[in-house]
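Chains as they are written, first to last, in my numbering: chain A, 260 to 600; chain B, 260 to 600; chain C, 0 to 620; chain D, 0 to 620.
Everything labelled a hint here was simulated from the structure, so no lab data went into it.
Hints are not guaranteed to be accurate.
Said to hold, decoys possible - Here are some of the chain D residues that sit facing chain A, going by a computed Cβ distance under 8 Å:
| no. | residue |
| --- | --- |
| 1 | A44 |
| 2 | S190 |
| 3 | P233 |
| 4 | V237 |
| 5 | N244 |
| 6 | F286 |
| 7 | K287 |
| 8 | A306 |
| 9 | L307 |
| 10 | E330 |
| 11 | G462 |
| 12 | H468 |
| 13 | G471 |
A virtual CB, placed ideally from N, CA and C, is assigned to each residue, including glycine.
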Amino acid sequence: MSNVVPAPKLTRKDFESDQDVRWCPGCGDYSILANVQRVMPELGVPREKLVFVSGIGCSSRFPYYMNTYGFHTIHGRAPAVAMGIKAANPDLTVWLVTGDGDGLSIGGNHLMHCLRRNVDLNILLFNNRIYGLTKGQYSPTSEFGKITKSSPTGSVDFPVDPSTFAIGCSASFVARSIDVDATHLTEMLRRTAAHKGASFLEIYQNCNVFNDGAFDAFREKVHRDDRTIRVQHGKPLLFGKDNTRGLRIDSRTLSLEAVTLGENGVTEQEILLHDETNPTLAYMLARMPFPDFPVALGVLYAVDKPTYDGTLTAQRDASLKKNGQGDLHALLHSGNTWQVS
Amino acid sequence: MSNVVPAPKLTRKDFESDQDVRWCPGCGDYSILANVQRVMPELGVPREKLVFVSGIGCSSRFPYYMNTYGFHTIHGRAPAVAMGIKAANPDLTVWLVTGDGDGLSIGGNHLMHCLRRNVDLNILLFNNRIYGLTKGQYSPTSEFGKITKSSPTGSVDFPVDPSTFAIGCSASFVARSIDVDATHLTEMLRRTAAHKGASFLEIYQNCNVFNDGAFDAFREKVHRDDRTIRVQHGKPLLFGKDNTRGLRIDSRTLSLEAVTLGENGVTEQEILLHDETNPTLAYMLARMPFPDFPVALGVLYAVDKPTYDGTLTAQRDASLKKNGQGDLHALLHSGNTWQVS
Amino acid sequence: MANPEPQSTPLPHAAKEVSGAVVRFVGDSGDGMQVTGSQFTVAAALAGNDLATFPDFPAEIRAPAGTTYGVSGFQINFASRDVFTPGDSPDVLVAMNPAALTTNIRDLKRGGLVIVNSGAFTATNLKKAGYEKNPLEDGSLDGFNVFAIDISKSTLAAVEHTGLSKKDAERCKNFWTLGLMFWIYDRDLASTIKWVEAKFGKRQELVDANVAALKAGHAYGETAEISHFHYKVPPAAVAPGTYRNIGGNTALAWGFVAAAQLAERPLVLGAYPITPASDVLHELSRFKHFGVTTIQAEDEIAAICLALGASYAGSIGLTTSSGPGIALKGEAIGLAVSTELPLVIVNIQRGGPSTGLPTKTEQADLFQAVYGRNGEAPVCVLAASTPGDCFYMAIEAVRLAVKYMTPVMLLTDGYLANGAEPWRIPDIADLPKIDVTFRTDPEGFHPYLRDETTLARNWAIPGTPELMHRIGGIEKSFKSGHISYDPENHELMCQTRAEKVARIADDIPELQIEVGEDSGKLLVLGWGSTYGAIREAVQRARERGLSVSHAHLKYINPFPKNLGEVLARFERVLIPEMNLGQLVKIIRSQYLVPAESYPKIQGQPFKIDEVEERIRLVMES
Amino acid sequence: MANPEPQSTPLPHAAKEVSGAVVRFVGDSGDGMQVTGSQFTVAAALAGNDLATFPDFPAEIRAPAGTTYGVSGFQINFASRDVFTPGDSPDVLVAMNPAALTTNIRDLKRGGLVIVNSGAFTATNLKKAGYEKNPLEDGSLDGFNVFAIDISKSTLAAVEHTGLSKKDAERCKNFWTLGLMFWIYDRDLASTIKWVEAKFGKRQELVDANVAALKAGHAYGETAEISHFHYKVPPAAVAPGTYRNIGGNTALAWGFVAAAQLAERPLVLGAYPITPASDVLHELSRFKHFGVTTIQAEDEIAAICLALGASYAGSIGLTTSSGPGIALKGEAIGLAVSTELPLVIVNIQRGGPSTGLPTKTEQADLFQAVYGRNGEAPVCVLAASTPGDCFYMAIEAVRLAVKYMTPVMLLTDGYLANGAEPWRIPDIADLPKIDVTFRTDPEGFHPYLRDETTLARNWAIPGTPELMHRIGGIEKSFKSGHISYDPENHELMCQTRAEKVARIADDIPELQIEVGEDSGKLLVLGWGSTYGAIREAVQRARERGLSVSHAHLKYINPFPKNLGEVLARFERVLIPEMNLGQLVKIIRSQYLVPAESYPKIQGQPFKIDEVEERIRLVMES
Ligand SMILES: Cc1ncc(C[n+]2csc(CCOP(=O)(O)OP(=O)(O)O)c2C)c(N)n1
Ligand SMILES: Cc1ncc(C[n+]2csc(CCOP(=O)(O)OP(=O)(O)O)c2C)c(N)n1
Ligand code: SF4
Ligand code: SF4
Ligand SMILES: [Mg+2]
Ligand SMILES: [Mg+2]
């Protein structure tokens, strides 16, 4: 141990690849990339042990810009490829980058199965509520009635909420953040990295070309305090300027209420404490209707659960222990054999 | 109107096709088939307006046995085919029969999208927690650690709960029943038929060849009262022999408690009333851990919401009203044209 | 075509008559080159020229300004004679910045005219384009006629009076450029002015500015030394009728609208966006009042399945995609084959394999179309040969699908999809009706009863009293339509499905020789979008006295009945394709003729020169 | 083979020596015919016979008892000479109920021996089987040697002492039957008794009952008039060694285990259950201690993608499926082609199109294997020819995949999967190591650097310091591995990928003539599971003096280098295939020889007779 030369500390620059970044100027993807590159050195994982896997979409170009291993796969299939990588080498740290189309339209099934299996992956879903790369069709997260090239009279699909979906799939870690808030985003990236198992981080990302301003109603500085709530484990669910508003449970109707402290005698006592381990609360927070409620950002849900790759490894080890290293000769000669001489 | 000859009343027999039913003797599918055939005449839909669509699996053989229109499609794709049928002819009543493998493994994505879009379909998912037709591999609903041909040392996948999944997909109707309970099953089939939109009915179904007894712990007569709860809108969530047990909310921990009336001073007052329209309650009921809690059967969730096919039709009508019947000549001559003579 | 002529010095202002020209507009994605090209096209069309156009988009949505990968281009070939391709090498290159110049100059004809916006040749832009020195100054453009004009500055001056911000004002520079090009080719400004007025309607300052820029550019032509370059391209002798310019994807979409009307059935499109097919979805989604329902599905598998469901329910089911998406549809195409339902699958091919070159053209999905399924799963395969032909092939695909109760795969490609040509608008009354008869008679009914001639099974749709039946992907009895595992029955059904598709040959036109004699030394056989290049190349080779003919396949499975005979009448057969030789293999396997392959797989269409050169080589060998 | 001989009356008890026989056991799904057949097989193998077997399962899991669609069968061909197929028509048919009789009697040789359980010929069962009269009584079996024995009753009597319930007791009737068959073919009971003991281990009463039934059946042979039918099949002259009986799917699974050991890399299987491929997943999932990881994926797309991910990470990625599942993998195979990663895809073909005949065999996915992808996406295609050959072809697939960094598609089919044959167990030391070298040197590294000979790119796996790089499905630069939209580069890359697969031809054995001369009148060329039938048919035709030879393709893309020459040395070429003629088209397109197709697509393998007859017809025409 004493002989190990400490690796030189890496910096953000070390995580930049030699390729020109080719997103549209102003795209929210830039900020996410910068924050990921910023957080990477902190995590202490050597670059060669990092793999970024993605599907197809603007967001899925991400791996090209990271100076790590990268696999830009095919549309929707990144979770499956990532799972194969982890099954082959659980030692690698695998990040998966996907979009709302890639991850929830064509790839929804793989995402679901990867979440329920709790494969140890860090999943970043860039939700811009649009198909960017194919130039602006509505996506499964676009609002009902959205007018796009493929829905000139308004889309007829009700959207799916990525975090609610993840909770429905029994994900063990569900969090939400937003491209423009570097502090929050880096914090969420750290939590995502730290969680063992399938960590699902939805990131609201502005596509300034095809869906500009999709999140302005709560992303703009003026609205941020009032229209988002940053949930923190064990802390009261307060929001608004000076934390004057909060969430309370109406236990008759089993639903959340957004209340103002001091109004109608509401006290901080009544405000719910956030509990990351409570699936019901996570479910309610994820799907609060906007703008009646603020948008919940932060770690909505996080519990420990055995990982798929961990169980695979354990089974492999147990089998080795029980049977010893496989003996091909013995296998071929097992059962009935006969000799011809 | 007065000239219309009333159609002769149909009976169960009228819904039996001329094909031999080819499930294993003793399979739970028989009972479901019988109950569907029993309910059909009540619904008053002429047989020619009924279409049964399925994927591949034992359960998916269902359409062959119904004397209606039927389409036995390919593995996992029934929701998409069904959606096409409804888009082409919203006048048809379409039932979709799928299995836990067909609907949740290969077909999970189509199911999700069909639920969130709220396509007007009646979806029956036969959950036997196993792949029947391919002779007994574990399915996405099989319990963790299940030993099957493909998992000799136990499966490494955490299961997905179909109803919880449906709720996560923002389904507008989610119900659960069980093959052996004809009364409950027929009631649920009626409710499923009555709901406009994507009605999702999960039916626990015993595969007596490859997963016999999967539901015995709560299906057996002796356990039924204690280990299942039949939820009914507006009624208290009581269960157990003589309804002596019930579900109460612990609003500190935002979770359900199974309590006994009279014990520790628990009164019926404290027992939750079931509210089909409350998604949070539906979510909690769907995923109650067994055997600490009873298994919830009944309509867990039901709300009205525009249907996909309804909105499509409305848009078609609006477009006709606005633009008049499309004029091909005018279309071809639209924009810049020039004359050569 | 021999223009511009750098050495000659015609009188300024006197427009010299030429037979045609190829012009390419290139600039940054934000420079509005597509609009410029389209407006130039309209003017040429209105002037009666025959023409063909091709835009070339960057793969990136909006690459950073000034980069080479952000260059957007538009090429037009217009002439007083028939035009079949957008042209090989431009006579005129309009380059709005250094990146556009560096990526396109190598294509320009020697001695061609280059118009550059010198205002964009800043140090930063030069660096982004990878220039070490300014090409306008280092002599590297010697041999071309270079006009370096500070178009940015001229535009700003021209629109100053409108009070636009500098940024908005500079945006008008494409109209300045267009004005200059209009002067060079002696075009009327009227149609563009009308378009600007319609486009910017309420924003009068934008109308004023763009019109001012247009006129300023035009005026510039009169005054500068560029006034030597002043041409007139007389109208082409084309068949009388009403014409419009049409792109392949639009023609395709309209063809399906027409087909649905001709069949008097609703059309249901299931599609998932993918380049270069998305525009068909976009276009068709505007036609609800034509009985067209478009569904943006969650993926390509759902898209085809719902189209099939719609067919089953009595609509015309259609699904459109490109290579990777078509790959995903293979299993469901098999279901359509087995259930014998009409279904049209369009593959707008792009560069492969895998994601490949999504914005580039290719013809390498032919094998996939003909062979790419499990089991014996024959489908009818058609290919459109020009943008306008997409309209007719869409109708043909629907006709054959419903008549033979079979999936039909229609192939086009990125080049057809994005390319455009003037198109004589057909008279609706001339389009033949498509007969659709649903089975309603319960007498003796079973779902796999067949028409004796076509072998099509009867189409009995849900909602029809007394015809309730079940279908699916398991083998069915020839006699009852019920599931059957009988060995002989399976063979009979496989043969019947094959024979049914084979019989389509009786119902399609025989193969015609497009150019040249009915027999001879060399037949150049093409399919799909190579039509124009092959046709012109063969024409030119013939003008040089070579015994060569051109025939073009629009029906690939089955082939036209006389294909074997046609092949036999030529000593040699050459097949140019944008792949490594796929049609050639199918032809060889079927007719055992030693057809030769001329493959090109560069994401770019054939040039006429390339085909002509290959013909020459083959004839010499 | 000429046995039983109905007219001869040999002395009872004296076993007549015959060269071999074909026996078919048929009964209800619940009658245990598979066990009976397997035990009979083991005994034949231990007696030194060469043999081949084929089970025939019903499509339904457990059809209602007594129905025709619930009939389960097992056929064995065993002999004192080489055996290559499970035999055409049985000499002996053992039918446990009327449904089994009615569905199988037409296959029996004229004069063959029929043993039926008359106890099962109840009115209900007769009706279920569709008999109006009892065939044991109405003379319809005249011309066969029929022994109607109430096996049910005899079994009950034999096991009465064990105190089993009637239901359990009757279940032993297959062992009674087996005992009788052991007597007829003079087999030793020991191996079966050992098996019964191992199987029922702790439940002594079941051991006792089954052994008692077995012995009773055996004893019955001695006493009844059936004792005329008493044969001895001497051992075959086979190469010395240790043998075992092996089925195709087991051999395949073990081959992959062996390949992983030879390559010293872990194996990762991604699979989704599908008939008839599921057993490979089942088998491989037992081998965790061999470094084998199996993942039951959510669908076939995930299955191949995770196998590809595993390959990327340095394991041997494998995915197994059948037709419809392979159709779904097309897009991902393209990604494997583009990223040039080693990947083995196994297609255990079944009847198509679509769901088709899932439990039946077919070879109709050849086109899909060779051509079924978008773009120019060449993959290496191999085919195993016998159950035991599956072992070696699995190793070969892995060898070529890792050596050439390419996806390899290995084709087998339902017939190979479920069929079995005696197999000489290879010495592990004789199996050649598979060399896998990962790139570790950062000097001059880029991911698409190639080996000059194989053109394989270097395999640089995550975890390797300093080699961080990005790959994907977009076209890459030949020179740097970065994304490239360059036209010439795309062509170069397409050609390189094609050339790489073509070069595999330098690394595989030349095509050998299996039977017959190196040249002559007719070459019968086969591929895959038709090996045995073709081989025997050619042998027989040669015995009748015809100039015919047999060659068999195990490498289909690329073909062996000498294939063209071999074809040229014969006047005619006949290609029997279980499809409508797929290999024949590929051969014709490549070599322009007028190869003739002999298609059979009935879900059933070729019979030797059928091939022999066709050879005769061709030779006469
Ligand atoms: C099989 C397949 N289908 C369709 C496409 C076309 N396609 C590329 S990206 C994309 C959607 C991208 O949307 P999203 O995942 O939200 O990513 P974004 O571009 O918005 O970041 C589609 C439909 C494809 N590449 N492959
Ligand atoms: C594309 C494809 N993959 C796999 C299969 C094989 N297969 C048929 S049914 C089935 C699973 C059936 O399970 P489930 O849906 O639970 O139905 P059950 O038989 O249990 O009713 C599978 C894997 C198939 N037919 N098609
Ligand atoms: S299209 Fe939208 S998401 Fe894509 S790069 Fe541009 S701004 Fe970003
Ligand atoms: S295998 Fe199971 S699910 Fe399928 S028919 Fe038999 S009992 Fe029913
Ligand atoms: Mg998006
Ligand atoms: Mg199941």
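Hints versus structure:
For D:A44, the interface hint holds, since its Cβ comes within 8 Å of a Cβ in chain A; the closest pair sits about 6 Å apart. Of the supplied interface hints, the one on D:S190 holds, with its beta-carbon coming within about 7 Å of a beta-carbon of chain A, less than 8 Å. At its closest, the beta carbon of D:P233 sits 13 Å from a beta carbon of chain A; the interface hint therefore is violated under the 8 Å criterion. Below 8 Å, beta-carbon pairs count as interface contacts, and D:V237 has one with chain A at about 5 Å; its hint therefore holds.
Because the closest C-beta pair between D:N244 and chain A is about 7 Å apart, less than 8 Å, the hint holds. Hint on D:F286 holds. Least Cβ distance to chain A is approximately 6 Å, under the 8 Å limit. At a threshold of 8 Å, the smallest CB-CB gap from D:K287 to chain A is about 4 Å, leaving the interface hint in force. Because the closest C-beta pair between D:A306 and chain A is about 6 Å apart, less than 8 Å, the hint holds.
Because the beta carbon of D:L307 sits about 6 Å from the nearest beta carbon in chain A, less than 8 Å, this interface hint is met. Annotation: D:E330 was flagged as interfacial toward chain A, and the flag holds, the nearest CB pair being 6 Å apart, inside 8 Å. The closest approach between the C-beta of D:G462 and any C-beta of chain A is roughly 6 Å, which is under the 8 Å cut-off, so the hint is satisfied. A distance limit of 8 Å between C-beta atoms decides the matter here; for D:H468 the minimum to chain A is near 7 Å, and the interface restraint holds.
With its C-beta approaching chain A no nearer than about 3 Å, D:G471 sits inside the 8 Å limit, and its interface hint holds.
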